[in-house]
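**Q** Listed here are the chains, written in short residue letters.
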Amino acid sequence: MEEFIETFHIDWKLMIAQLFNFGIVFLAFYLLAAKPLRKLMKDRGDLISKGVNDAKVNAEILAKTSKESEQILAKARIEANKIFQDGKKEVQAKQNEMIENAKIEVASILENGKKSLQVEKTKIVEEANKEIVSVSMLATEKLMSSKKDLNNL
Amino acid sequence: MATNNLEQNIEVEPVHETTIYAEPVFHVGSFQITNSLLNSWLAVLVIIVFCLVLRKNLKQIPGKVQHIFEILLEGALSLCDQVTNDRKITLKIFPLVISLFVFILVNNWLGLLPIVGSVGFLANEAGHSVFIPIFRAGTADINTTLALSIAIVIASNIFGIITIGIWKIFNKYVNIKALGGIVTKFRKDKNVIIVAPITFFVGILELIGEMAKVASLSFRLFGNVFAGEVLLASMGAIFLYILPTPFLFLEVFIGLIQALIFSLLATVYFTIASQDHEPARSEDHSGGEHEEHESHEEKLASV
Chain A
1 MEEFIETFHI
11 DWKLMIAQLF
21 NFGIVFLAFY
31 LLAAKPLRKL
41 MKDRGDLISK
51 GVNDAKVNAE
61 ILAKTSKESE
71 QILAKARIEA
81 NKIFQDGKKE
91 VQAKQNEMIE
101 NAKIEVASIL
111 ENGKKSLQVE
121 KTKIVEEANK
131 EIVSVSMLAT
141 EKLMSSKKDL
151 NNL
Chain B
1 MATNNLEQNI
11 EVEPVHETTI
21 YAEPVFHVGS
31 FQITNSLLNS
41 WLAVLVIIVF
51 CLVLRKNLKQ
61 IPGKVQHIFE
71 ILLEGALSLC
81 DQVTNDRKIT
91 LKIFPLVISL
101 FVFILVNNWL
111 GLLPIVGSVG
121 FLANEAGHSV
131 FIPIFRAGTA
141 DINTTLALSI
151 AIVIASNIFG
161 IITIGIWKIF
171 NKYVNIKALG
181 GIVTKFRKDK
191 NVIIVAPITF
201 FVGILELIGE
211 MAKVASLSFR
221 LFGNVFAGEV
231 LLASMGAIFL
241 YILPTPFLFL
251 EVFIGLIQAL
261 IFSLLATVYF
271 TIASQDHEPA
281 RSEDHSGGEH
291 EEHESHEEKL
301 ASV
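Chains A and B supply the protein sequences, listed in that same order. So that you can map any letter, position 80 of the first sequence is 80 in full-length UniProt numbering, and since no number is skipped, the others follow by simple counting. So that you can map any letter, position 98 of the second sequence is 98 in full-length UniProt numbering, and since no number is skipped, the others follow by simple counting.
For the record, the hints were derived by calculation from the structure and aren't laboratory data. A few of these clues could be false.
Here are the simulated DMTMM-like cross-link-like pairs (lysine to aspartate or glutamate), alpha carbons at most 25 Å apart as the crow flies [as the list claims (entries may be wrong)]:
1) B:K59 to A:D46
2) A:K115 to A:E141
3) A:K13 to B:D81
Which chain A residues stay away from chain B? Per the calculated CB distances, all over 10 Å, these [to be verified]:
4) T7
5) D11
6) A34
7) K35
8) R38
9) E60
10) L73
11) E79
12) K88
13) N101
14) L117
15) N129
16) E131
17) M137
18) L143
Per the computed footprint, the stretches of chain A lying under chain B, defined by three or more beta-carbons under 8 Å from a beta-carbon of chain B, are [to be verified]:
19) 90 to 99
20) 105 to 116
We put the CB at the ideal spot given by N, CA and C, even for glycine.
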């Protein structure tokens, strides 16, 4: 053993000094590099996993919302169609009513026109008769007067 | 006359050889400051500066250097996981193992710098002028590797005591439980009278094994690094600049491999120390405790 110690110059003081060196390296490496780096990597990993989870949740919410919006849109489409059909029916009914009213009005106008024409016609005939009478009377008078003159001659 | 001149020349020519031990550069009282210790201090300084720079430049969105370092750290963690098979154990021993790796690696690589082994001074030793380099690879001194090995083996046993308890670790080496089994289990199983002394002897072998661990760890690292230095010096003596170059690259690779082997073996020792092998060894022949053994196996399988 002594020969071994002598050959390799084994010195317990040097061994302790080297262990002390390693201790310093251990502390420095652990406190300044490994620990903060591990913490940083863990924080980043947590952040990434949180981001992934949030993205998943957001995707679920998006899917749910789009489904809901599709449902609402489909409902709205049905309702709009219904309103449109009702409106169409109402308009049709109003149109029919208006046409009927117009027909009635036209008929009454025609009737009134006929009546007034008839009255006018009668009036004109009467006036014509009167005119004819007066004209014939005048003609007769003239003839009579002319005949008198001839007789005087 | 000519022979005398030659002898004088030989005496004047300084001796420059790679010694198996680290040479003292100066003394502080009775404490020798060796060239290996100086190199270790340099390594500590380099590591501290590197750590400070890294700490200062740490960002949430990593730059190139930080990114590389993060990849290396993750790789080291997963490598450690492959050995331990348990993330909890990995996280407990990882700081020690990674520091060990970095310390050995930087020491190995600093030993390959051109100033190491070539810059020094002449000292007079037993009438001879001897060249003493100021720097020598920290791990090319058995004191460094031996200190690290002893620390690792002791730390692994302390870790075992913390993890599975002092009684189990004590019984691993001095298996009183197995000897006691002769009295308690003899009625159930007569074979225990043969098995128990063997188990006790295996415990003593384990104790010797711990010493072997120290020897194998320390001499493997020291041997490789020292052999590398000798190889480079020899190649330099044959054909300076050209011939050592490929070996220099080889030594860079060996430095990395040796640091990796040392730290991986340390991980293995820590893992072994933290696992309880007692039921698998002594309770196989006892039917009553078979269930406990099975549950332990299941636990190991699940891990």
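**Q** Would you mind marking each hint as holding or not holding in the structure?
**A** Cross-check of the supplied hints:
no.: 1; hint: B:K59 to A:D46; in the structure: 15 Å, holds
no.: 2; hint: A:K115 to A:E141; in the structure: 38 Å, violated
no.: 3; hint: A:K13 to B:D81; in the structure: 35 Å, violated
no.: 4; hint: T7; in the structure: 7 Å, violated
no.: 5; hint: D11; in the structure: 6 Å, violated
no.: 6; hint: A34; in the structure: 6 Å, violated
no.: 7; hint: K35; in the structure: 8 Å, violated
no.: 8; hint: R38; in the structure: 7 Å, violated
no.: 9; hint: E60; in the structure: 28 Å, holds
no.: 10; hint: L73; in the structure: 42 Å, holds
no.: 11; hint: E79; in the structure: 52 Å, holds
no.: 12; hint: K88; in the structure: 63 Å, holds
no.: 13; hint: N101; in the structure: 81 Å, holds
no.: 14; hint: L117; in the structure: 102 Å, holds
no.: 15; hint: N129; in the structure: 119 Å, holds
no.: 16; hint: E131; in the structure: 119 Å, holds
no.: 17; hint: M137; in the structure: 129 Å, holds
no.: 18; hint: L143; in the structure: 136 Å, holds
no.: 19; hint: 90 to 99; in the structure: violated (count 0)
no.: 20; hint: 105 to 116; in the structure: violated (count 0)
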